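Trainee: Read off the chains here:
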Amino acid sequence: MEPGNGGSAATTTAATAAPAALTKKDFVSNQDIRWCPGCGDYAILSSAQNVFPKLGIPRENFVVISGIGCSSRFPYYVNTYGFHSIHGRAPTFATGLKLARPDLSIWIVTGDGDGLSIGGNHLVHIMRRNVDCTILLFNNRIYGLTKGQTSPTSEFNKKTKSTPLGSIDYPINPISLALASEATFIARTLDTDPKHMARIFQQAAEHKGTSFVEIYQNCIIFNDGAFEPISDKTTRADNALFLDHGRPLVYGKDSHQAIRLNGWQPEVLTFDGTPPANVAVHDETAVDPSWAYLLSRMDPQAGFPVPLGVFRRVTRDTYENLMTRQIEESRKKSGPGSASELQALLTGEDTWTVPA
Amino acid sequence: MSAKERRIEDIDHIVIRFAGDSGDGMQLTGTQFTDTSAILGNDISTLPDFPAEIRAPAGSLAGVSGYQVNFSNFDIRTPGDAPNVLVVMNPAALKTNVGDLEPGGILISNSDAFVADNLRQAGYTQNPLEDGTLRNFRLYKVPITKLVDNALKENPLSFRQKERCKNFFALGLVYWMFNRPMESTLKWIQDKFKKNPDVLDANTRALNAGFYYGETTEAFETRYQVRKAMIAPGTYRKITGNEALALGLMCAAERAGKHLFMAGYPITPASDILHELSKHRRFGVKTFQAEDEISAIGAAIGAAFGGAMAVTASSGPGIALKTEAMGLAIMLELPLVICNIQRGGPSTGLPTKTEQADLLQAMFGRNSESPLAVIAPATPGECFTMAFEAFRIAVKYMTPVMVLSDGYLANGAEPWAIPKIESLPVIPVHHPTSKTDGAFLPYQRDPGTLARPWAVPGTAGFEHRIGGIEKADVTGNVSYDPDNHEHMVRTRKAKIDGIANDIPHADIFGSPEGDLLVVGWGSTYGAIVSAVEKARAEGLDVSALHLRYLNPFPKNLGDALKRFRRVLVPEMNLGQLRMLLRAEFLVDAIGLNKVKGQPFKIAEIGRKIHDLNPKQMPSARRAAAVA
Chain Y
296 MEPGNGGSAA TTTAATAAPA ALTKKDFVSN QDIRWCPGCG DYAILSSAQN VFPKLGIPRE
356 NFVVISGIGC SSRFPYYVNT YGFHSIHGRA PTFATGLKLA RPDLSIWIVT GDGDGLSIGG
416 NHLVHIMRRN VDCTILLFNN RIYGLTKGQT SPTSEFNKKT KSTPLGSIDY PINPISLALA
476 SEATFIARTL DTDPKHMARI FQQAAEHKGT SFVEIYQNCI IFNDGAFEPI SDKTTRADNA
536 LFLDHGRPLV YGKDSHQAIR LNGWQPEVLT FDGTPPANVA VHDETAVDPS WAYLLSRMDP
596 QAGFPVPLGV FRRVTRDTYE NLMTRQIEES RKKSGPGSAS ELQALLTGED TWTVPA
Chain B
13 MSAKERRIED IDHIVIRFAG DSGDGMQLTG TQFTDTSAIL GNDISTLPDF PAEIRAPAGS
73 LAGVSGYQVN FSNFDIRTPG DAPNVLVVMN PAALKTNVGD LEPGGILISN SDAFVADNLR
133 QAGYTQNPLE DGTLRNFRLY KVPITKLVDN ALKENPLSFR QKERCKNFFA LGLVYWMFNR
193 PMESTLKWIQ DKFKKNPDVL DANTRALNAG FYYGETTEAF ETRYQVRKAM IAPGTYRKIT
253 GNEALALGLM CAAERAGKHL FMAGYPITPA SDILHELSKH RRFGVKTFQA EDEISAIGAA
313 IGAAFGGAMA VTASSGPGIA LKTEAMGLAI MLELPLVICN IQRGGPSTGL PTKTEQADLL
373 QAMFGRNSES PLAVIAPATP GECFTMAFEA FRIAVKYMTP VMVLSDGYLA NGAEPWAIPK
433 IESLPVIPVH HPTSKTDGAF LPYQRDPGTL ARPWAVPGTA GFEHRIGGIE KADVTGNVSY
493 DPDNHEHMVR TRKAKIDGIA NDIPHADIFG SPEGDLLVVG WGSTYGAIVS AVEKARAEGL
553 DVSALHLRYL NPFPKNLGDA LKRFRRVLVP EMNLGQLRML LRAEFLVDAI GLNKVKGQPF
613 KIAEIGRKIH DLNPKQMPSA RRAAAVA
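Which chain is which? The protein sequence lines are Y and B, in order. Residue numbering for the first sequence follows my numbering, starting at 296 and increasing by one per position. Residue numbering for the second sequence follows my numbering, starting at 13 and increasing by one per position.
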């Protein structure tokens, strides 16, 4: 089969090669990494390179697509097919590629500026369409590559190079946006917890449809310590709420705090011993997005922990499958699209002949 | 004199314009008349002209929609300078169109629509049908609304619904007047309204009533007949530019052994390409209506990376939005076809009107040195050929190619000799799958074409990274090296320039040398060649050269220009090709520039030719021209 005539899952190479035991090393490219020393991006890259070989996908079927920004250098460092595109537009290239080649495993790497500012429109639309791909949004709440301007996730009143008197932009909440965009898999993780990252990446990759993963990522130069209370291992337990499907929302160093619902209002409660029966239980598969939305709005400023993990995981047909199905169904209905049928289409219904 | 005895006069061509409110169905009426004439074997050329508003206020000047068709028994190239017959459905249509009607021309009006309110809206203080101002025309006042209502007495539709059939009455009358069969339209009505028998019945009756009205009333003394055109033998169909473009893209994919991927965003007058292609899923055509113009070209580039035959289509403002991504495609060196169906601009401009003012944008409208191939069809049917050609160049040279069509070509129709798919050239595609040794080098070029290899994801051993940052030659690694950058800039330019070795020389219509050469590009072809043909018939030393390839130019262009004392460049812009010719060839070209949202008339170009007072053809050349 010619690539580009894609439709079925296997390519020639994938079909013949036994799923070779790939290792992390297979996904390390020969390019020098040019992120600042101490940047959170290193840990994210490493986690992705750890997860890729475990997915049972041949290396040549991975494509990493990015926009512009520090995070978007990512494809150069992964020894797969890679595409460093233009600012904010990675989802568009990914959509076209996935439609043309449903057999590929597509990863989008973006940031808070790339994905939520200049590319906000595309991010919304790839999620509502449910194109099968995994979006890693590195959120460091700052423009790093352009040296420190306010971003769509920067706090209100933040003083930056472009906002010396404080930002008057109100920040956007990436998880809430993903929910409003009808994403079918939505999760959050952080750069200082490689195990959690790897678990989330794996789940995201295994999900059929658009998987949106917000990664809290520290910019050591322009916004150091942005996620301090949860990125620091010593304070994390008291400030982060790890979401587990079917488990009560319990957190705290000694697991003595929990979330319960008072109507539609979440409340923090403190307890001794076993958690009380009225503690809320996480359901990531809830079809109604309200529950996940409620979780996404829990504000640390108001004394709530920051939820990490999978907010939502639901099933919906993927965009490329729907298109493939339309092709199959119209072939069943109107013919297989042969050259003679194309000739008939060219000829049309009303013709006349001028004799020689 | 009884109806049957009326004489039928043979004429060689007729230009009819139907004009009415945008809700009156004038585009449909014109299309039906055109289809029937085409099937009869006439040559045809059409000019639909409609407002951007879908339903402007009824009766208003802004809401007038027109459809002009020229049909003939010889080879024609334009929809005609001035209508011989004008059908107007209301005062506003009369007001906006009567100025174009030839003196002594036939004017058919729906007299029922000439009532106080409509007259006021059109700015008439008295009824022009009655005040003698139209005495220079052969005026027929036909109470169409009343006649339709009478004909549909038995039909249960409401008066409002019946009134909507009046365009078919007008069509029936014109069919009678030009001795046309009605089968094709009757069949169309049957297919279209088979689920709505009352509407089917009403339109059929209205059509017939119009025909019989012509036959029974004494008002019309003469009928006319335009016989089959003597055009090249073959099997023909009627085709518009946008239809031809869509089919050309599909056939290119077919001849490349691939499927087509088309991404677009709704925009006039390009949307019909998306509409047409979206009907053809069974041919593996994947169409994607993107969230915006940027996404559309992004998706096309993504699909091209994956190995698809990828295309995006838009018009002026949409093309402007795509420019950054075009620069990326130039950097990535992936095959991509970009169709620009030009319209009046700048900004939103005149969405439904034609213009060819995006040539310099196509050439230079991107940041930095960013050459791509630019080609332009000259007729609606040629949109097929040039769409096919665009893919041939894109794939062979691994480059974006822009096709410059325009609103006039897109919506205009002409007879089209249907090609046999197997006679179209094969478009060879090569995706490397096995390496000789060492690492894959994504920017190692073919020494002949300078194209890089099209290695696609899913191919083991060819993993590589591409992107918008400057590449090191050969390896494709990120490179900020000054010498490498200059080398790559020059190489990308050389690759596009090299396409000149692979395209046909420009043909000259007329003589290879002489006093005046009229140079054009795109949709002005018909008017230019017709004007030059006329001038030559008058013995003037004038020839024409029409460019289908704008970047690079055909190799013989500079030489051809030098063989003429003067060069005239008619364009629907302020002189964009002229600027390029002056810059490239130091030729003091003269411009003829029209930016009215309307195509050139033959006479406008003819007038300019005469103004330049060209020499008479030397007798030897004249003899050759006649021969």
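Treat each hint with caution, since some may be false.
[Unchecked claim] In silico lysine-lysine, DSBU-like type, Cα no more than 35 Å apart, as pairs:
| no. | chain 1 | residue 1 | chain 2 | residue 2 |
| --- | --- | --- | --- | --- |
| 1 | B | Lys206 | B | Lys240 |
| 2 | Y | Lys319 | B | Lys291 |
| 3 | Y | Lys627 | B | Lys291 |
| 4 | Y | Lys320 | Y | Lys528 |
| 5 | Y | Lys628 | B | Lys240 |
| 6 | Y | Lys628 | B | Lys447 |
| 7 | B | Lys432 | Y | Lys319 |
| 8 | Y | Lys320 | B | Lys447 |
| 9 | Y | Lys456 | Y | Lys503 |
[What the hints assert, rightly or not] Partner residues are not named here, just some residues of chain B that face chain Y (Cβ under 8 Å, in silico):
| no. | residue |
| --- | --- |
| 10 | Gly296 |
| 11 | Phe300 |
| 12 | Ile306 |
| 13 | Ile430 |
| 14 | Pro431 |
| 15 | Gly450 |
| 16 | Ala472 |
| 17 | Glu550 |
| 18 | Gly551 |
| 19 | Leu573 |
| 20 | Lys574 |
| 21 | Arg578 |
[To be verified] Covered stretches of chain Y (in silico footprint by chain B; criterion: 3 or more residues with CB under 8 Å from a CB of chain B, positions within the stretch not fixed):
| no. | stretch |
| --- | --- |
| 22 | 372-384 |
| 23 | 430-437 |
| 24 | 565-575 |
| 25 | 631-638 |
| 26 | 642-648 |
Just so you know, these hints were derived from the structure itself, not from any lab. Please read all numbers here as calculations on a predicted model, not as lab measurements. Where a beta carbon is used, it is the ideal one built from N, C-alpha and C, also for glycine.
Trainee: Going through the earlier hints one by one, which of them does the structure break, listed in rising order?
Mentor: As far as the earlier hints go, 2, 5, 6, 7, 9, 15, 17, 18, 19, 20, 21, 23 and 24 are violated by this structure, in ascending order.
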